Amino acid sequence: MAKYDKATIEELIDGTIDFFQLKDMLSSFKDPGRFDTYLEILQERVPWEDRILMPYSLHLYVVQKSDGQRIIKCDCGHEFCEAHDNWKLHALIHVRETDEKLQVLYPELLAPDPQWQVIREYYCPGCASQLEVESVTPWYPVLHDFDPDIDGFYEEWLGRPVPQPSGKSR
Amino acid sequence: MAMQSSDVNLKQEELLNQQYRQSIGWNGKTLKEMREETDRLTAQSGYYAGLRELEFKQSEPIRYEKIFSKLRGGLVHARETAKRVAASPIVEQEGELCFTLYTPEGDSIVTSTGIIIHVGTMGSAIKYMVNHNYEDNPGIEPGDIFCNNDCHIGNVHPCDVHTIVPIFWAGEVIGWVGGVTHVIDTGATGPGSMTVGPVTRYDDGYQIACRKIGHDDLLFQDWVIESQRSVRTTKYWLLDERTRIAGCHMIRDLVLGVIAEEGVDTYKHFSREVIEEGRRGLINRIKAMTIPGRYRQVGFVDVPYRHEDVEVPPYAKVDTIMHAPSEIVIDRSGKMSLDFDGSSRWGWHSYNATPVAFTSGIWVMMTQTLIPNDRINDGAYYATQFNLPYGSWMNPDDIRTAHSYAWHFLVTGWSPLWRGLSRAYFARGYLEEVNSGNANTSNWLQGGGYNQYDEMHAVNSFEAAAEGTGASAVKDGLDNAAAIWNPEGDMGDMEIWEYAEPLLYLGRNSKPNTGGFGKYRGGNGYETLRMVWGAKDWTMFFMGNGYVSSDCGMMGGYPAATGYRFEAHNTDLAERFAKQLPFPRGGDPRPAEKVYEKDLKADVKRDKQAITTEAIFENYDLYLNYLRGGPGFGDPLERRPQDVEKDLNGNYLLPEFALKVYGVVFQQEKNGHYRVDVEQTAAKRLEMRRERLQRGRPTHEWMREERGRILKDQASTQVRHMYATSFELSGRFLQEFRSFWDLPEDWNLYEKDLDMPTFGSHHRAMNSNKLV
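Chains as they are written, first to last, in this note's numbering: chain A, 1 to 170; chain B, 1 to 772.
Note that these hints are calculated values from the structure, not bench results. Note that the coordinates shown come from a computational prediction; the quantities given were computed from them, not determined experimentally. Check before you lean on any hint, since a few could be wrong.
With a cut-off of at most 27 Å between alpha-carbon atoms, the simulated DSSO-like pairs for lysine-lysine come out as follows [as the list claims (entries may be wrong)]:
#	chain 1	residue 1	chain 2	residue 2
1	A	Lys88	B	Lys660
2	B	Lys317	B	Lys605
3	A	Lys101	B	Lys605
4	A	Lys30	A	Lys6
5	B	Lys475	A	Lys6
6	B	Lys670	B	Lys660
7	B	Lys601	B	Lys579
8	B	Lys70	B	Lys57
9	B	Lys287	A	Lys6
10	A	Lys23	B	Lys646
The following block holds chain A by itself, in its conformation from the complex (with noise of 0.2 Å):
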């Protein structure tokens, strides 16, 4: 079974990794211990206390708070929303839904057709970061893109409990 340090799991989230090393793990089997190593780096990193129960998006994270609370949480800082929430409620968005809009990302004839497609470009309050961005038509409905089994993930596929705020237990 694969084995990484934590220096090539640091190299791979900064995109940094040697390309056949990549690819070596791209071949290999998985190694099991991954999602730990990569919860330490990403928790190292942050610069707030709240811990890290599962890595969400490219930014954002749901973390516990110390009363117990998930929330959806942004590594600026911000905070959106309860974890089952839908996070791009809570964010700024950007709908672009002209050609003119549409033409600042693509060449003419390059870009979709306003009349069958927008652009929504979903931005955090706090650091502006692009989180998101869905390519939908009209009207359609802000998907909710994920809404993970945290208790059914650590319990039964980890097999250990689900991490309690400090001076709580289940």
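Position chain B against the provided structure of chain A, taking the given hints into account.
This is chain B only, laid out in the frame that chain A set:
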């Protein structure tokens, strides 16, 4: 009336035959009885064929693996050898063929490399023959050869032609082997294997519905004659068929050799266990790589049929959008369900798909991500639950539907699933597996007529096998590299295409800005400019996305660029060549600048209409074949400035977009080299972030306005048509839509209220698939 003695003898013979006829299934069963038993045991136990333990694998693992390796290696070898028989560049150059070994009742055991979408389609054809008592009539005997390409029985599109051969051992069917090739023409209304123009099954070309075409390893003469007279490319058809037969017979010999060596009972047991192992294998991979939970995503593709260059019957003149919402639910046991509730209805075009195309083909995608190993068989199917809404484009409730380019919708429906799974890989830390999505695998350059050798001919350029791939979470996507439907992506050699098609190359270039922007960008597509040369009575058409991008980006990355078309007729190229004047060459990086037209006088069509039906092309006419890029990953403002510099210097990015999208400030040096200013870039990016905060609005505030537009019906007809057909098929989707936008309980949108033909929305010719 007195009975003659000969009649008596005949009746006695028939009686004896009926009384003592040995069934060809195992242990005296018919194949149909075997099918029913396997289904019953699987349903009752939750394990394939009721196998709760993998006894053989556990007790003799080396022997078990040896049998698997022999079979798998033999199938791959048969594919590699047999494809040399073919002359069609689609098969010989692009590897569009596949061989699969099945159980007597039609479950796949092991497959070769190649277009493994067919791991299940030929199984579906076998199941059809089993369930329709082919054992009795036309009979299944050693040396028989069967053929199928009927989508509603078991296929993706009619150009994937199956050859299916039973394998007998001591009077029993021990299994089947199927071979499939993508033939270059099926005799449809237009030339080319995936033609645009068919709107019903009856336009889709030659339909072969599980037909016995040979006996004693020889093809029937009437079959050879009929099939040769039913398609345009007879030479390719003939050699493709010999490719499939050669591969099937090699594999039949291989299986018989394995049985001789290992014993028939061992083989029988192995063939069951390896499917159950495949089922467990998928569940194990899901647990090892993903997170239980719910993932939602969507894909769209345009069907712009109202345009004057789409010549179809009036009832098919509909502008609409294919809608493929998907929900992946991974439960705590590791079982995955894929729900496509809300999908739009099938339509009068050739992009419909069948359930088996969907459930079988999905593994061609999954083997590139979730199960990248050689244990691909029906086990994965048994581990997955599908909801493919009846009446939708992926499960038509009408047998009239056309399917010649089912992939147009399938690729768009599957690609978001990969994106959904990538969210799980990202959460788990397996960043190397993340894929932002896939290119729309077009354009398809197709057409036909008399070629440069004065032969009747059809073409389907598989340059589309090398699109840009999606970015991952650690690196850019690959430029002009692969397509979701064939992991062995290859654009093919220009020299071979020029040999096979009366179309000379005036350019073959990587196309800048076609991959989606992002921290890691999608791979760019490429384009080839072709000039018709040596053809007579020649037509061609375009096939791809134009008005929409068919996949999103991921986690802040943008979708790939959309398509467009360029074609030029009545050109002055002959004169230009004679006078040695400049002529169009190379790429078309900024389509609106019309670079080709600067060295050309012609009637040019340059627009977003990337789907057309047959147009006449004379010699010296031009056709731009633009192959799409892949989507990007992450916020473009986080892309390393030095990577943008490389993009600029490699002509992967048009300079004005470096500043507009990446916020990169640069200068061009005297030698033409671009150099990025890192400090000014950082300042520019800060400014762009401030602009985002200024233009960004709280989502709830925007939702109130969008709700107002819905209540006022403010959307194009094609958008409303898409919603109307989805609402018609799914009360759940309609209710979710109403609930999300807080619409009145009686709010709805009806197709009849739109200015669009409504053929097919009320009267259905029931799909025979339900009889399988």
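Now the hints, each set against the structure:
1. A:Lys88 with B:Lys660: 24 Å, holds
2. B:Lys317 with B:Lys605: 20 Å, holds
3. A:Lys101 with B:Lys605: With a Cα-Cα distance of about 25 Å, the restraint between Lys101 of chain A and Lys605 of chain B holds, given a limit of 27 Å.
4. A:Lys30 with A:Lys6: Since the Cα atoms of Lys30 of chain A and Lys6 of chain A sit roughly 15 Å apart, the hinted pair holds (cutoff 27 Å).
5. B:Lys475 with A:Lys6: Measuring from Cα to Cα gives roughly 19 Å; hence the hint holds.
6. B:Lys670 with B:Lys660: Roughly 23 Å between the alpha carbons, so the hint for Lys670 of chain B and Lys660 of chain B holds.
7. B:Lys601 with B:Lys579: Given pair Lys601 of chain B, Lys579 of chain B holds - Cα atoms ~14 Å apart, limit 27 Å.
8. B:Lys70 with B:Lys57: 15 Å, holds
9. B:Lys287 with A:Lys6: Between Lys287 of chain B and Lys6 of chain A the Cα gap is close to 23 Å, so the pair holds against 27 Å.
10. A:Lys23 with B:Lys646: Status holds; Cα separation ~22 Å.
Hint check: no violations occur; every hint is consistent with the structure.
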